[in-house]
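Number of protein chains: 2
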Amino acid sequence: MITVEEAKGLLFGAIEKSLPITLPLKDAYGFVLYEDLHSPIDLPLFDQSSMDGYAIANGDLTDNKRFKVIGEIKAGDGKDFHLNQGEAVRIFTGAAVPSSADGIIIQERVERNDDCISLMENFHQGMFIRRKGSQIARGDLALKKGTILNAASIGLLAALGIDKIDVYCKPNVTIIATGDEIVSPGKELSAGEIYESNSYMLNAALQEMRVNVSDIHFVRDEKMLLKERVQDVILKSDVVLITGGISVGKYDFVLEVLNDLGVQTIFYKVAQQPGKPLLAGKINDKWIFALPGNPASSLVCFYEYAYPTIRMISGIENSHLPTETSKLLKGISKKEDRSQFIRAIKTDEGVMPLEGQDSGMLQSFAKANVLIYLSKETRHIKEGDLVEIHILPK
Amino acid sequence: MITVEEAKGLLFGAIEKSLPITLPLKDAYGFVLYEDLHSPIDLPLFDQSSMDGYAIANGDLTDNKRFKVIGEIKAGDGKDFHLNQGEAVRIFTGAAVPSSADGIIIQERVERNDDCISLMENFHQGMFIRRKGSQIARGDLALKKGTILNAASIGLLAALGIDKIDVYCKPNVTIIATGDEIVSPGKELSAGEIYESNSYMLNAALQEMRVNVSDIHFVRDEKMLLKERVQDVILKSDVVLITGGISVGKYDFVLEVLNDLGVQTIFYKVAQQPGKPLLAGKINDKWIFALPGNPASSLVCFYEYAYPTIRMISGIENSHLPTETSKLLKGISKKEDRSQFIRAIKTDEGVMPLEGQDSGMLQSFAKANVLIYLSKETRHIKEGDLVEIHILPK
Chain A
1 MITVEEAKGL
11 LFGAIEKSLP
21 ITLPLKDAYG
31 FVLYEDLHSP
41 IDLPLFDQSS
51 MDGYAIANGD
61 LTDNKRFKVI
71 GEIKAGDGKD
81 FHLNQGEAVR
91 IFTGAAVPSS
101 ADGIIIQERV
111 ERNDDCISLM
121 ENFHQGMFIR
131 RKGSQIARGD
141 LALKKGTILN
151 AASIGLLAAL
161 GIDKIDVYCK
171 PNVTIIATGD
181 EIVSPGKELS
191 AGEIYESNSY
201 MLNAALQEMR
211 VNVSDIHFVR
221 DEKMLLKERV
231 QDVILKSDVV
241 LITGGISVGK
251 YDFVLEVLND
261 LGVQTIFYKV
271 AQQPGKPLLA
281 GKINDKWIFA
291 LPGNPASSLV
301 CFYEYAYPTI
311 RMISGIENSH
321 LPTETSKLLK
331 GISKKEDRSQ
341 FIRAIKTDEG
351 VMPLEGQDSG
361 MLQSFAKANV
371 LIYLSKETRH
381 IKEGDLVEIH
391 ILPK
Chain B
1001 MITVEEAKGL
1011 LFGAIEKSLP
1021 ITLPLKDAYG
1031 FVLYEDLHSP
1041 IDLPLFDQSS
1051 MDGYAIANGD
1061 LTDNKRFKVI
1071 GEIKAGDGKD
1081 FHLNQGEAVR
1091 IFTGAAVPSS
1101 ADGIIIQERV
1111 ERNDDCISLM
1121 ENFHQGMFIR
1131 RKGSQIARGD
1141 LALKKGTILN
1151 AASIGLLAAL
1161 GIDKIDVYCK
1171 PNVTIIATGD
1181 EIVSPGKELS
1191 AGEIYESNSY
1201 MLNAALQEMR
1211 VNVSDIHFVR
1221 DEKMLLKERV
1231 QDVILKSDVV
1241 LITGGISVGK
1251 YDFVLEVLND
1261 LGVQTIFYKV
1271 AQQPGKPLLA
1281 GKINDKWIFA
1291 LPGNPASSLV
1301 CFYEYAYPTI
1311 RMISGIENSH
1321 LPTETSKLLK
1331 GISKKEDRSQ
1341 FIRAIKTDEG
1351 VMPLEGQDSG
1361 MLQSFAKANV
1371 LIYLSKETRH
1381 IKEGDLVEIH
1391 ILPK
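Chains as they are written, first to last, in this note's numbering: chain A, 1 to 394; chain B, 1001 to 1394.
Treat the hints with caution; some may be incorrect.
To be verified - Here are the computed lysine-lysine pairs in the DSS-like style, where the Cα-Cα straight-line distance is at most 25 Å:
id, chain 1, residue 1, chain 2, residue 2
1, B, Lys1276, A, Lys367
2, A, Lys145, B, Lys1250
3, B, Lys1223, A, Lys26
4, A, Lys394, B, Lys1394
5, B, Lys1026, A, Lys187
6, A, Lys132, B, Lys1327
7, A, Lys327, B, Lys1346
8, B, Lys1367, A, Lys79
9, B, Lys1250, A, Lys68
10, B, Lys1026, A, Lys236
11, A, Lys17, B, Lys1367
12, B, Lys1017, A, Lys367
13, B, Lys1132, A, Lys367
14, A, Lys144, B, Lys1394
15, B, Lys1164, A, Lys187
16, B, Lys1079, A, Lys250
17, A, Lys367, B, Lys1144
18, B, Lys1145, A, Lys367
19, B, Lys1164, B, Lys1227
20, A, Lys65, B, Lys1250
These are computed hints drawn from the structure, not numbers from a lab.
These figures come from a predicted structure and were not determined experimentally.
Okay, chain A solo, but in the shape it has when bound (with noise of 0.2 Å):
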C-alpha cells in the first residue's frame, strides 16, 4: 500500500495553478494575485499636507516669522496659490500643498489674530508635506504575484485607483454524500438509518475556504444511479468529493464508477489511519476526491489532500495546514504498518491527544486545534518526544 509521503507526492506533483479571472476589487478579498501589480499612479499623486495648519515659503524666513493668510485649501480642492514674501495659506490634512510652498506649519505651533499668523516654532524645509510618490512611485511594484489579498492589500489597490484585479480562480467543488443509510438531519430516521453528517461537514469546511460549494447530492448504493450522477457532476465542476462507497465491500461502487468514467486513479488506499480507502483521482484537469464514509476519516482526508489540492488550484503557495513541531504531553503508541493522524489541542505547554480517536467520532474533532501526524514507521513516543502537527483552520 501506498505511503502518505507516496500519495502527497504524486497528487501534489500533478497540480496546475487555475487560469485567472478578472474580479472587482470589491469581491477579490481571500484571492490570490496572478500577476505582479505596479503601480499605475504615484501615490500620493500631489504633494499632500499630512497635517491641518498654514503652508507657507522657504525664503520668507529670513525676515520675519509673521505672515499674512491670503486662501485657504481644504482636501479635494483644485486650488493652488502663488505664495508672495510674506504670504501664508491656511492648508488642511490631505490637500494639495501649492507648489510655491516649502513646508507646513501646524496649527498648534501658530498664533493666529485676524487676517495674520505668527509662527511659534522654527521651519525646516518640507515639513508635513507628503511627496509627491514617496509611498510608491508610478510603475514601482506595488504588490508581488501571489500575494493572497488581505485587508491591506485591499485598500492599497483602491488607494491606487485599481477597481477590478486579475486573480487565480478559485474551484467549483461539488459534494455528493452515498449510502442507503444516510438520511438528512431533521427528518424521522426508520431503523438502521443514520444522520447524513459528511456533506454539512465538508461544506462547512469549504465554506472556511471561501470556497463555493456548486451543489450537494445523496446517491443511494445503485452503481447506476452513482455513475449518472458523478458523470454529470464531473462536467459541472473542478473538484467532486465523494463520501462513502470506496472500501471492498458488495454495495461499495464508487472505485467501479470513476473506473467505467475514465477517471484516472492517482493513488487508490493509502497507508494511513485514519482514511486508509482513500482515491484521488483525475480527469480532463478536474480532480476527484473519494473520501472514506466515517466522518473523522472523511475529514482527514479532507485536510490532508483535497484541501491542499483546491488551495494549490487557487494560486497559494503555502497550501498545506501549517506544520510545526510540538512537545508530545501524553505517550502513543502505534502500529507499524502505516502512518497516522491523531486529533489532539496543542496549548503553549505542548500537544495532547484527545480521547475518543475511532473513525467515527466528530467530537475530539470538534475540540481539536491540531493533527498530530505520525509517519509509518513511526512506534512509540513518549511524553516529552517532539512530534510533527499540522495545525487546523479556526
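We have chain A; now place chain B onto it with these hints.
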C-alpha cells in the same frame, strides 16, 4: 489624553453579547453556540458494524467454527435476524448488528464456500461493534455554549439529527467614508482628489470576519449631509464605522454630528500612534467608531477596537487579536507620550518592524502579519528584547 489600556477598559467593559438567532445548520459555520447542546439521540443510534464481515453469536463458538450464512444486512437495512446455533449473517459497515449477535468477524478472516463460512480467527465478545450511545449518549453534553462552530462541530450536529441551531447573532455593520477629496477607484481624478480606499479596506476586513456589511456610504464634508446620513444609518445598523472627519480641523464634522445625535462618547482621542483621533461611542445598544481618515491609522484602530467589539457582540470569548511575545529583530526608539502600534513581520526568528510606518502607508500593512505593541511608558527597545505582538488575521 486617555491611554490605550484605559480606552480598551472603558469600551470592552460596556459590551454585551447579542441575542440568539436560529439558523439552518448549513449556514451556521463560524457562528457561536448560544447554549450547551445536549444530544437528542444516542450516537450511534443502534449497535453498528464497523467493518464488512459476518455477525455471529458468542455461544456458537463452543462447538464449531463453521457457520451457515442465513441472510444479509447492509447499511440502511431495517432487518433483524435471530441467529440459531451455527448460523451467521453477512453484514456490511454501518449496518445494524442483529440483536442476537455478539460480534463481527471481518471478511478477510473468513473462508467462504457457497453458503458456509469457516473462521480463521478467534472470536471476542463485541468485536467490531460500535455500541449504541458509545460516542455520545442521549442527554450528554455534545458541544458547550460558546463553541465557535467549525467543520467538525457542524458535522457532529448533523450526525445528531440537528438541522437548526441557536447561535449568537452577528452585528450588521455599515461603513461611512467621509471627505471632499475622495473618489471611487476606477474613476477619473481632478486636482487635489485621491482614491477612496478605507471603505474597500474595512469591507474586506469585515468579509474576513464573515460579518454582513449592510451598506457603504460616501459623504462630503458637509455637516447637515453627514448628520442625516449618520442618523439614518444608526437606525439600520448595529455597528457604524465612520472614516475621516474626526480631527479638530475646520471641516471635521464627525464629533459635532455624533454629539448632536446624542451619541454617548465612550472615549475620544487615545494616546497612541497611529490612530490618535479615534472616537468610540454608543447609542441605544448601537456602537459607533469614528476612525481616522489615514488608511493605516484606520486599520490599526479597526483591529484594536472595532474588531474585538464585533467579535464580543457575536459571542466570541477570545475576541481580541491573539497576543504573544516575540524577540525584536531590530531596535526601536519611541516618544514617551503615547503607545505605538508597529506593522511588522513575525518569523520563527522573531519579529521585524517594517519600513513605511507613516499613517497613510498601506504597503507595509499588506506585508505585515503582526502589530508590535509598545505601551506608552516604553522608550528604547533593543534588538533581542521581547515585545508584545498582536497577530493579524491571515
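So, going through the hints one by one against the coordinates:
For the given pair, Lys1276 of chain B sits about 40 Å from Lys367 of chain A by alpha-carbon distance, which is inconsistent with the 25 Å threshold. Our distance criterion of 25 Å between C-alpha atoms is broken by Lys145 of chain A and Lys1250 of chain B, whose separation comes to about 42 Å. Taking the CA atoms of Lys1223 of chain B and Lys26 of chain A, the gap is about 28 Å. The hint is violated against a cut of 25 Å. Between the alpha carbons of Lys394 of chain A and Lys1394 of chain B the distance comes to roughly 11 Å, so the proposed pair stays at or under 25 Å and holds.
Note on Lys1026 of chain B and Lys187 of chain A: the hinted pairing holds, with a Cα-Cα distance of about 15 Å set against a maximum of 25 Å. Using a Cα cut-off of 25 Å, the hinted pair Lys132 of chain A and Lys1327 of chain B is violated, with the two alpha carbons roughly 35 Å apart. A C-alpha spacing of about 22 Å is found between Lys327 of chain A and Lys1346 of chain B, which places the hinted pair at or below 25 Å, so the restraint holds. A distance of roughly 36 Å separates the Cα atoms of Lys1367 of chain B and Lys79 of chain A; the hinted pair therefore is violated under the 25 Å criterion.
Proximity of Lys1250 of chain B to Lys68 of chain A is assessed by CA-CA distance (about 19 Å); at most 25 Å being required, the pair is judged to hold. A hinted pair counts as satisfied when its Cα atoms are at most 25 Å apart, and Lys1026 of chain B with Lys236 of chain A qualifies at roughly 22 Å. For the proposed pair Lys17 of chain A and Lys1367 of chain B, the alpha carbon gap of about 23 Å is at most 25 Å, so the pair holds. Using a Cα cut-off of 25 Å, the hinted pair Lys1017 of chain B and Lys367 of chain A holds, with the two alpha carbons roughly 23 Å apart.
Distance hint between Lys1132 of chain B and Lys367 of chain A is fulfilled; the C-alpha atoms sit about 22 Å from each other, no more than 25 Å. For the hint linking Lys144 of chain A to Lys1394 of chain B, the alpha-carbon distance of about 16 Å falls within 25 Å, and the restraint holds. For the hint linking Lys1164 of chain B to Lys187 of chain A, the alpha-carbon distance of about 12 Å falls within 25 Å, and the restraint holds. At roughly 18 Å between alpha-carbon atoms, Lys1079 of chain B and Lys250 of chain A fall within 25 Å of each other, so this suggested pair holds.
With a C-alpha separation of about 10 Å, the suggested pairing of Lys367 of chain A with Lys1144 of chain B holds against the 25 Å cut-off. Proposed proximity of Lys1145 of chain B and Lys367 of chain A is supported: the alpha carbons are some 13 Å apart, at most 25 Å. Taken as a hint, the Lys1164 of chain B and Lys1227 of chain B pair is broken in the structure, with Cα atoms around 41 Å apart against an allowance of 25 Å. For the suggested pair Lys65 of chain A and Lys1250 of chain B, the alpha carbons sit about 24 Å apart, so the restraint of at most 25 Å is met.
In this structure, the earlier hints numbered 1, 2, 3, 6, 8 and 19 are contradicted, and the remaining ones agree with it.
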